[in-house]
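**Q** Add chain B to chain A, keeping to what the hints say.
Residue numbers (the working numbering), protein chains in the order written: chain A, 19 to 654; chain B, 779 to 909.
Be aware that one or more of the hints could be misleading.
If you want the ones that stay clear, here's a sample from chain B, every Cβ over 12 Å from chain A, calculated [what the hints assert, rightly or not]:
(1) Pro783
(2) Thr785
(3) Asp791
(4) Arg797
(5) Val812
(6) Gln823
(7) Ala867
(8) Val887
(9) Pro889
Here chain B is said to cover these stretches of chain A; the calculated rule only asks that three of the stretch's residues, wherever they fall, bring their Cβ under 8 Å from a Cβ of chain B [said to hold, decoys possible]:
(10) 40 to 49
(11) 57 to 71
None of these hints come from the bench; they were simulated from the model. Even glycine gets a Cβ: it sits at the ideal position worked out from N, Cα and C.
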Amino acid sequence: MSDFSGMEDLLQDFLQEAHDLLSDVDNKLVDLEKTPDDKGLLNDIFRGFHTVKGGAGFLNATELVTLCHLTENLFDRLRNGELELTAELMDVIMDATKGVREMFGELGQGVQPQPAAAHVIAALQGALSGEAPAPVAAAVVEPPPAPSASADTSAAAGEPDWASLQAAITGEPVKPAAEGVVITRAETAAAKQAAAAPVAAAAKDGAPSPFGRRASDRPAATASSSRRAEERGRENTIRVDTSRLDQVLNLSGEIGLTKNRLTSLRADILAGKSDPETLHALDQAVSQLDLLVSDLQNSVMKTRMQPIGRLFQKYPRIARDLARQLGKDVELVLAGEETEVDKTMIEDLADPLIHLIRNAVDHGVEMPDERAAAGKPAKSLVRLEARQEGDHIVLIIADDGKGMSAERIRAKAVDKGLISEEEANTLDERQSLNLIFLPGFSTKTQISDVSGRGVGMDVVKTNIQKLNGSVEIRSEPGKGSVFLISLPLTLAILPVLLVLLGDQPFALPLSLVREILPIDQQRVQEVGGKETLVVRGEVLPVISLAKLLGWPRDRAPEYGVFMQTAERSFILGVDSFAGRDDAVIKSLEDFRPKGVAGVTTLSNGQIVLILDMKELLTDYSQHNDGGLAIRNFEFS
Amino acid sequence: MAADPKTRFLVVDDFSTMRRIVRNLLKELGFTNVDEAEDGAIALQKLQNGGFEFVVTDWNMPNMDGLTLLQTIRATPTLKHLPVLMITAEAKKENIIAAAQAGASGYIVKPFTAGTLSEKLNKIFEKYGQA
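The shape of chain A in the complex, shown without the other chains (with noise of 0.2 Å):
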């Protein structure tokens, strides 16, 4: 299947190291609009596709060799001011970045990528010749002027002995019959492929049209390839600071000096000793134990952390790209992209993210007139932000733009018949934001092709809350909105909070606890035939963990967890608490009783299982009929 079978790790380092290359060449793209001139920029991105070029040769990539090579040639003009960088240019290159990010697609599920579309390529070389043919083809084929870079300090003449100096270090010497460069002929076929790959391909097809076959095939075949690039987009394998796996090893080491104490001491032990010192002994062995696993666990831990900057660095080219579509000047200004999150789940925002930058950019700010015409300035700030509030990471996307209106929501939602009138009315700013988290709605009564991959803001928030994150929208007309994502350190670790039904304890993700309260059976309200307790002012209902679980009961519940999930505030019912502990949660892969998210052990060996409430109340309302009165708070 592969193109490149035994190759595959060279090919995956190759991809990871040029995809940052690539990141890094379209931020600088970004800046060098404001400051066309600045020849370290032009230097950093010519070296760029320069290097990326050179690893793409070693895969025999010959489609992405011609592509940076052109790109690169283009820098090479621009940097020596043989070239001025225009706008058309500018979306040239632009162009350019975007055909080699499609071969790295392609290279990534193991194929040769396809030609750049024959566009693209003609751009380049558009822009490149202006009046010369192209730059390689002249240095390998015509005799070189005389090189004014290499001042010849012998020589008198000028020309440097060129046979002798070529002998010296090639190896060769230079074959009469060929003009220019022969060096070995490896060499010579890849500087032919770079310079005239092009001509070659249609040469191979035998068409005489260079492009035209190949140019028709295209679309579709990138189409479907990017579709599978996606779907194989997960990477498998980690970048890991050397010294952070010299901690791992060097802990694990230290633990298992420990464990042949231990061994020793329970030989003793076993032996009948069990003097003070022997006892003292022990315990050193256990806390040090102790110490040790947990700083095992956070070693390893860390290995897994990754700073989100990598995720940070596409987006400023996703947000000008938009925003020039849009006909709007926006700027995405990063902050802490040194803030350190789990691998998984930088993988798992980079898709979210993506989405709410798009909507900052495409609904939150406004059109350059309508700026004007409110007296802000021309250009548009977008901020993402990211950094680490005790054990929390928080990502801010916050746009300067016109804000969000909660009565126009709240319109929206009705109309949409997403929400009934009444239910519109009990809403206040904070829920009626909420709102557009809501499956189906969108502000925008047209579609726009900008606002994404079919992915709405539900599905924002769903696949932040599967991460166990949570999103929070914070907005004032005018001046423009906030939205404040949260999430825990890693995924391993879930803080819970056990609570019992007799003697049987329960864990809850301590993320969805808002608050534990005593339930006095005196102030539950019935409401439609349902439990309901109201608290500072807000009716919530009563469900009882029992009932939830079907275990049959006749005494009612003591004591309430004030719960949050996605949809819907309640108030659970429970019998007592155990307190609360960090789980390591074990999942229950082959065999998972539904509304069971994992199981973890307790302290005392006991086995606890975690729930997973979603679930178990999406079977609670269905079966239950109770589906009505939980909908009535749906919101809250």
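**A** For chain B alone, kept in the frame of chain A given last:
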């Protein structure tokens, strides 16, 4: 002369994939004593600490490029005897001339195979063996 498999190499390239490629090719040829540097400046530091017998360097790198590295090596009394093989993506005449004038021991154009690399290395070993 037969090349000593214990020859200590320094591979200089800012692209880690490329360093790995070169390292693997060297390994294929039996050279396993290889260290890496990310650019000319780092390479120079490592070289000055001593112990290296062969430098394989990329041309285009940030901080200090391969040509400057080569020139610096040739201008440093303790290092100037080191064989330096230049790797570049260009087969341009002016590049080759510049490398030769700066005192490169060899010049190889990407992409290349273990065979090509071996050929270049042997030529250089021969030359240094004679010297």
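**Q** Run every hint past the structure and note whether it holds.
**A** Going down the list of hints, with the structure as the test:
Every C-beta of chain A lies more than 12 Å from that of B/Pro783, the closest at about 21 Å, which supports listing it as non-interface. The Cβ of B/Thr785 lies farther than 12 Å from every Cβ of chain A, with a closest approach of about 18 Å, so its non-interface assignment holds. For B/Asp791, the requirement that its beta carbon stay farther than 12 Å from each beta carbon of chain A is not met, with the minimum near 9 Å. For B/Arg797, the shortest C-beta to C-beta distance to chain A comes to about 10 Å, within the 12 Å cut-off, and the non-interface label is violated.
Annotated as non-interface, B/Val812 keeps its C-beta farther than 12 Å from every C-beta of chain A; the closest such distance is 16 Å. For B/Gln823, the shortest C-beta to C-beta distance to chain A comes to about 19 Å, beyond the 12 Å cut-off, and the non-interface label holds. The Cβ of B/Ala867 sits about 5 Å from the closest Cβ of chain A, inside the 12 Å cut-off, so the non-interface label is violated. Distance to chain A contradicts B/Val887 as a non-interface residue, since its nearest Cβ pair spans about 4 Å, not more than 12 Å.
At roughly 4 Å from the closest C-beta of chain A, the C-beta of B/Pro889 falls inside 12 Å, breaking its exclusion from the interface. As drawn, the region 40 to 49 of chain A meets chain B at 0 residues by the rule of a beta-carbon pair under 8 Å; below three, the given contact is violated. Under the rule that three or more residues need a Cβ within less than 8 Å of chain B, the assignment of the region 57 to 71 of chain A holds, with 5 such residues.
Hints 3, 4, 7, 8, 9, 10, counting from the list given before, are not met by this structure.
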